[in-house]
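Participant: Here are the chains, one letter per residue:
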Amino acid sequence: MSTSSVPLLEAKGLTMRFGGVTANEDVNFLLREVELRCLIGPNGAGKSTFFKMLTGQLTPSEGKVFFRGQDITGAKSHEIARHGIGIKTQIPNVFNGLSVHENIFVAAARNKSMQQTKRIASATLERLGLTGIAHRIVGQLAHGQRQWVEIGTVLAQEPELILLDEPAAGMTHEEIVRTAELIREINKTQAIIVVEHDMQFIRMIAKTVTVFNQGRILIEDDVDVVLADQRVRDVYLGKQAA
Amino acid sequence: MKSALASFITVVALGIVLMFALPHTTDMFGLMQMTVFVVMAIFALSQGFIWGYGGIMSFGQAAFFGLGGYTYAVAAINFGDSTGAVALAIIVPGLFAALLGYFMFYGRISDAYIGVITLTVTVILFNLINATSGDWYTIGNAPLGGFNGMPSVPTLNMPGDPSTILDPEQLWYVTIATLILVYVLLRGILASRLGRVIVAIRENETRATLIGYDPRLYKLITFIIGAMIAGIGGCLYTNWGAFISPTVFALAMSAQVIIYVLVGGLGTLLGPILGAVLIQWLISFAGSQSAVDSNLVLGVVLVAFVLLVPQGLVPVVRDTITGFWQRRAGTGSEEQKQTTRGAEVRS
Ligand SMILES: Nc1ncnc2c1ncn2[C@@H]1O[C@H](COP(=O)(O)OP(=O)(O)OP(=O)(O)O)[C@@H](O)[C@H]1O
Ligand SMILES: [Mg+2]
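Chains A and B, in that order, give the protein sequences.
Per the UniProt record's numbering, numbering through the first sequence is continuous, rising by one, with the last residue being 242.
Per the UniProt record's numbering, numbering through the second sequence is continuous, rising by one, with the last residue being 347.
For reference, chain A alone in the conformation it holds in the complex (with noise of 0.2 Å):
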């Protein structure tokens, strides 16, 4: 499956106007297979809604997006979903009313027998340190444990390219460097892109960096020269030239 030719992911001239404001303009990006990639870029540089392209949650206004060279573009959510991308999205989607086992359960059960499931749950429980609190209800856990358990519902369903959209938003430090660690070793065996705007978190993990900026893609490079330019420090600081 994995041929060098045929990119996990790729997206061509990706667009997305809503009425008068366009969020992504011409995005062309490339994703190798269990590469992992890190997308930065300040607010509302159309970083998640360039990640709701390529999960079916908007269609895009133009281009393609191919998984492993099958065009998926416009499908339906859950139909990306089973191709095999998974998304921890910005704002938290989890099952609130339910116990954190049942949430990973339910990510897992999908197209699997009971005990091909029940393996999963718990081994997905167990990598993310959530076995001792599996039964507590998502609702009422602290922000950053939730985090944990939206990525171990993508993680359950044993997905080969993993989106996250600020997984480390609200996390204390020490969380963050662990959730740093998960995305490392997730990465042995999965493609990954990680919208952060901790740039310490960015140096933890990170290889290559896109840049996004008013919808298009600034910048593409190792992350040591992305962080040195000049254009990326301006944009970030709001200097943008106009």
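Keep in mind the hints are simulated off the structure, nothing from the lab.
Be aware that one or more of the hints could be misleading.
Across the chosen pairs, the derived CB separations fall in these ranges [what the hints assert, rightly or not]:
#1 B/194 <-> A/189: 27 to 33 Å
#2 B/247 <-> A/115: 40 to 46 Å
#3 B/284 <-> A/83: 56 to 62 Å
#4 A/64 <-> B/247: 54 to 60 Å
#5 A/83 <-> B/112: 31 to 37 Å
Output of the computed footprint for chain B on chain A, the stretches with three or more beta carbons under 8 Å from beta carbons of chain B [claimed, not checked]:
#6 73-84
#7 88-97
Glycine included, each C-beta is placed from N, C-alpha and C at the ideal position.
Based on the hints, put chain B with the ligands in the right spot on chain A.
Facilitator: Same frame as chain A, but now just chain B with the ligands:
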């Protein structure tokens, strides 16, 4: 988990005790009355399931109840044997729900409009059946009878043996056994993967979609199961009086079943059952005093519950009991309390 199993076994055991004890402890009138209360409890389970677990707000469960009742009547008159008629009384509402549900869920109708559409369908059915007076409106040998309804419907016979008709006591056994069966079936569904996904979709449709479930399909399945249960209720209702009339499609029927669920407790199965029996009992009690209008009773009960016990009876009682045991155990740690509250959300 363990306490959920214990409460399930307790409920089933109490149901079986009631089933065998009641005929010995009450007269024929009391037994007949309890039979119709239990019919309403089955009806309430259909609403309680799709609303409390599926998150589907149907204002028209009476449509399926009525369809079940009429289908049974028409089929029983034509077949001269109730066996196939009972099956049809489940299948026809199920098919109707499949069509209506497909249109609603796959047509991306918003939640609020699902209420409006189900309500409208019930009103249309009411008017349709109401207008079927005269010989012209006959299905096979069965005249629909318009607003006069269909009298002298053949009641249940032994399966495959039309010459042996069940007496009222036997009908009681059949009715309450059906309620217990429906309860067990729904508990089974809720414990299965299907039920857990249904509840997950109610909790967060976006998340369910993003992990690969198609909410439209699960809502459709939920809606069909609910309609089939309502159909069984309607079938038993016709059998109870050997009679059916368009009032089964009246708005009051749909409103009443919503009130059963609210009073008993949304998101539980025992709640709708107890809500139905309690309210029906109150109404018939008030009716026997003949001074009070039954709609007034319903209204007062609803307002009192919405204001004073908005979660409904069963959740309140359960919280009280678990609170009591935790205080007795003395070590009701925060974690334990949260666990019991969690079980309540699920069961
Ligand atoms: N549904 C929508 N309707 C109209 N405008 C929208 C919609 N969603 C996003 N936008 C606009 O598109 C632009 C990009 O938003 P997006 O959420 O993708 O940015 P982001 O890079 O994720 O920002 P942040 O870092 O704050 O999360 C913003 O100007 C936003 O206001
Ligand atoms: Mg965003």
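Participant: Looking back at the hints listed earlier, which ones does the structure fail to meet?
Facilitator: 2
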